[in-house]
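Peer 1: Residue numbers (my numbering), protein chains in the order written: chain X, 4 to 307; chain D, 815 to 1139; chain R, 17 to 323.
A few of these clues could be false.
To be verified - Looking from chain D toward chain R, a few residues come up when the C-beta cut is under 8 Å (computed): (1) Lys901; (2) Glu913; (3) Leu933; (4) Thr936; (5) Thr939; (6) Gly972; (7) Leu979.
Said to hold, decoys possible - Each computed DSSO-like pair below joins lysine-lysine, with the alpha-carbon atoms no more than 27 Å apart: (8) R:Lys140 - D:Lys901; (9) R:Lys140 - D:Lys878; (10) R:Lys140 - D:Lys833.
Rather than coming from a laboratory, the hints here were simulated on the basis of the structure. Where a beta carbon is used, it is the ideal one built from N, C-alpha and C, also for glycine.
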Amino acid sequence: MPGRKRERLENAADLRLQSQLGEEERFWDLMRRMARENKTAVFSFVLIVLMVLAAVLAPFLTPYDENSMDLLHRLSAPSAAHLLGTDEGGRDELTRLLYGARVSLLIGVVPALLSLLLGSLLGVIAGYRGGIVDTLIMRTADVTLAFPSMLLAMVIMYSLGGGIVNVFLTLTLVSWANVARVVRAQTLKLKNSEFVEAARVIGVSKDKIMRRHILPNCLPTLLVLFTLNIPASILTESSLSFLGLGIQPPNASWGLMINTGRQYLYSAPWLCFAPGAAIMLIVLAFNFLGNGLLDVLDPRQKKQ
Amino acid sequence: MEEKILDVRGLTVCFQTAKGTIRPVDDVSLTVPRGSIVGIVGESGCGKSMTARAVMGLVRYPGKVTGGSVLLDGREISALPERERRKLRGSEISMIFQEPMTSLNPVMRVGRQVEEAVLLHTDCTREEAKARVLEIFREVEIPEPEARYDCYPHQLSGGLRQRVLIAMAAVCRPKLLIADEPTTALDVTVEAQILSLLERLRDAGVSVLLISHNLGVIARVCDYVFVMYAGRIVEQAGTEALFERPRHPYTRGLFRAVASLREGGDALETIPGVVPNLLHLPAGCSFSLRCASCRSDCERRLPALAETEPGHKVRCFLAEEGGAR
Amino acid sequence: MRRSIAQRFAQALIVLTGVVLITFVMLRIVPGNPIETMMGEHADAATVARMTAELGLDQPLYRQFLRYIAAAVSGDFGTSYSLGKPVSQLIRSAFVNTLILALFAALFAWTLGIACGLVCAVGKNRLPDRLFMGFSLLGISLPVFMAAMFLQYLFAFKLKSFPISGTDSWRGFVLPAVALGWNSAGQVAQMTRSSLLEALEEDYIETARAKGLGRFGVLMRHALRNAMLPVLTMMTVQFSSLLSGAVITETVFSINGVGRLMVQAIAGRDIPLLQGTSLLATSVVILGSLLADCLYAVLDPRIRKEG
Chain X
4 MPGRKRERLE NAADLRLQSQ LGEEERFWDL MRRMARENKT AVFSFVLIVL MVLAAVLAPF
64 LTPYDENSMD LLHRLSAPSA AHLLGTDEGG RDELTRLLYG ARVSLLIGVV PALLSLLLGS
124 LLGVIAGYRG GIVDTLIMRT ADVTLAFPSM LLAMVIMYSL GGGIVNVFLT LTLVSWANVA
184 RVVRAQTLKL KNSEFVEAAR VIGVSKDKIM RRHILPNCLP TLLVLFTLNI PASILTESSL
244 SFLGLGIQPP NASWGLMINT GRQYLYSAPW LCFAPGAAIM LIVLAFNFLG NGLLDVLDPR
304 QKKQ
Chain D
815 MEEKILDVRG LTVCFQTAKG TIRPVDDVSL TVPRGSIVGI VGESGCGKSM TARAVMGLVR
875 YPGKVTGGSV LLDGREISAL PERERRKLRG SEISMIFQEP MTSLNPVMRV GRQVEEAVLL
935 HTDCTREEAK ARVLEIFREV EIPEPEARYD CYPHQLSGGL RQRVLIAMAA VCRPKLLIAD
995 EPTTALDVTV EAQILSLLER LRDAGVSVLL ISHNLGVIAR VCDYVFVMYA GRIVEQAGTE
1055 ALFERPRHPY TRGLFRAVAS LREGGDALET IPGVVPNLLH LPAGCSFSLR CASCRSDCER
1115 RLPALAETEP GHKVRCFLAE EGGAR
Chain R
17 MRRSIAQRFA QALIVLTGVV LITFVMLRIV PGNPIETMMG EHADAATVAR MTAELGLDQP
77 LYRQFLRYIA AAVSGDFGTS YSLGKPVSQL IRSAFVNTLI LALFAALFAW TLGIACGLVC
137 AVGKNRLPDR LFMGFSLLGI SLPVFMAAMF LQYLFAFKLK SFPISGTDSW RGFVLPAVAL
197 GWNSAGQVAQ MTRSSLLEAL EEDYIETARA KGLGRFGVLM RHALRNAMLP VLTMMTVQFS
257 SLLSGAVITE TVFSINGVGR LMVQAIAGRD IPLLQGTSLL ATSVVILGSL LADCLYAVLD
317 PRIRKEG
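All chains should be modelled from the sequences, with the hints used to inform the complete structure.
Peer 2: And the structure:
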């Protein structure tokens, strides 16, 4: 994540504190404001919903079966019968794309959620406890962030082995550190705020302060992080699968489809470019949505 | 009358906004005689800074100067092409700003920033330019000029930074220096020093147009004062005449507010209401909404800026008729 | 200043140690004896045992770790299982290719990105601005492998203006570098644009204009230098993602670089090679960010005094 974006997320805590003093803006107010001000974000949201629907309803949207081979029609170009052509086994590319969306979306959402849980937990603990715990957690985060993400993912995938569960784990381990950093920074700011001070004075326990006061205040930030981590996960997975290190057949993510399609790049380029376009679209949509959320949360530095 | 360094006639600035056109500066005429300090006073948002900008030719998009003329030492400059205008800025007419903290480039040594002005407007070599910078630093009483030359802005105090900005504005010996709230961000002792610095610049031949919302500052250094309200000049007079015999209800209100502050009375006297939204100005006198002596036709007709005694002009029906108390 | 750099250096060293530790542990929790994997089914028990002892794999993990560190400091990263050559030697020849690729890509991305950002900021909301910003969005969302395959398909296969693969001449680097840098170019363009627009709103810009500087002078002498500070920070982060992307581009264009070596190491279950390559790549990133910090201190006098 670019440094500027992280900075803005960390600042969001200040803003929340300010808004608590003045008029309090509720979550849905924020969403409504985004819907009003940022058409691109709304459009992206609609696109994401449509993609999710398409993935869920795949069996009803296509007459073909995901895995049934048709060796008479191998590598046929896009036509009325096969809108995006067929692959090396004669399977309908569009059908595969729809089913692949299930895997790819799952790979976006699950690790993003897991890293959010892991990262915010460690971030709050580091920020609130301080001391040696803080140092340990944050140094580990530093080391994780020092790796080029792809390299770290490759090393972890190597030691865990392929398969979808291990992909989840790998992507979580790659992206928790960013979450932890942002949440820690927010925790530090919230820790010194008046209402936490007040809670401490009346004797609320540390755990309860973390659960009741600090984490809920980080929620909007976490939402942005979640939204921005999804495309990052999808991209990393597709790169891994592209190298043959990620999802293993018969599961098919878009990245893996590109991996197999690569052999036919010159004879059947649609096998690469169709799933590639799908990845681009979903990544773009999630990024727009995430940036839209960020702008609503931190309107001070809204892009000109 | 004495020679005019700056003669502004009917200056008007328009802003196109989504909700309509506003006029932050509306038909403003003012003059600065050679060798004097002239003040513009008014609340924030009354258009005084915008007037200064328009005189400098620095009105930013979407603002636009839509009318009037600006004569600098008898020469019409408002119609000059940008290229010609630029040559005047910093050499014949220069400006200093309100925020000494942020008005200097943080990544450039202050000496170089002043030097830049010299190099732009003269054929000096670097050495000559540096010598001139050190000379002006001494003139504006920056201690240890050689050491300060190599400082970055964050290493200097607010007062020193303002001195650097004044040095930058004065280094080419301009005919006119516009100071936009030069002391607002500084504390009181520094304020006094900066003001006496402006006075010494005036004595050295630089006429000054001083913009401030602070009547004390105005009273201390100005020879002549213009009072602005909602984009228009509502009263103008010699400093003494204005402070002794304010005519316009707004000017009086300003003075009463200051007086009640100074005397520490029970209640702070204020002018009721707020500066009107420039989008919804009344057709007549723009102060009518807040004016205690407002009459029915005040809101409909705009009073002219009429001379009540030599050198004292007021834009108010009441003052025209002999000035009701 | 000197102190803060020393501090950063110490920090970098700690992080580097952490990196070695993590890769070391990660790679050794893999189930199965790497020697057996390496020698295949034909290995007899005695040979496996002899090899295991020879490589010190029978010793406790912390001993192995210390041994590895000691050897690594003197430049010995072990011998590749699959290729039978010293890892340091393999890396050295591959590193040159990766470095050329990454530098080409960075050069392409940063010049293009800054130039586009400048044009966009100057002509805000005009046609070139909208056009370039649209392109930069495309750049940001385009995965590296897609960019690589698209360029390969269009320029090497269809138009035949560049070689499909190999690094016999500089022409071989053009497509991979563009594919690799595309992403960063978009990011830099956006950052330059927004950062410049922000800088142009600052008070000192007004001062500079009041001084008599023209639009161009203000932009070049005052706005750009301030605006480049956040862009520079971003470039550091990007160097890391360039190395990530290099793994992909090198695979697509068959360039014998560090990334491809890594992929080979994984395919051959070659622990020393994998460890060596990931260590090298990460060190380069850490070193890069250290350099950027120093550069930042040179450009921003406010930082210089704090340390």
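Peer 1: Which hint numbers doesn't this structure obey?
Peer 2: Hints 3, 4, 5 and 6 not satisfied by this model.
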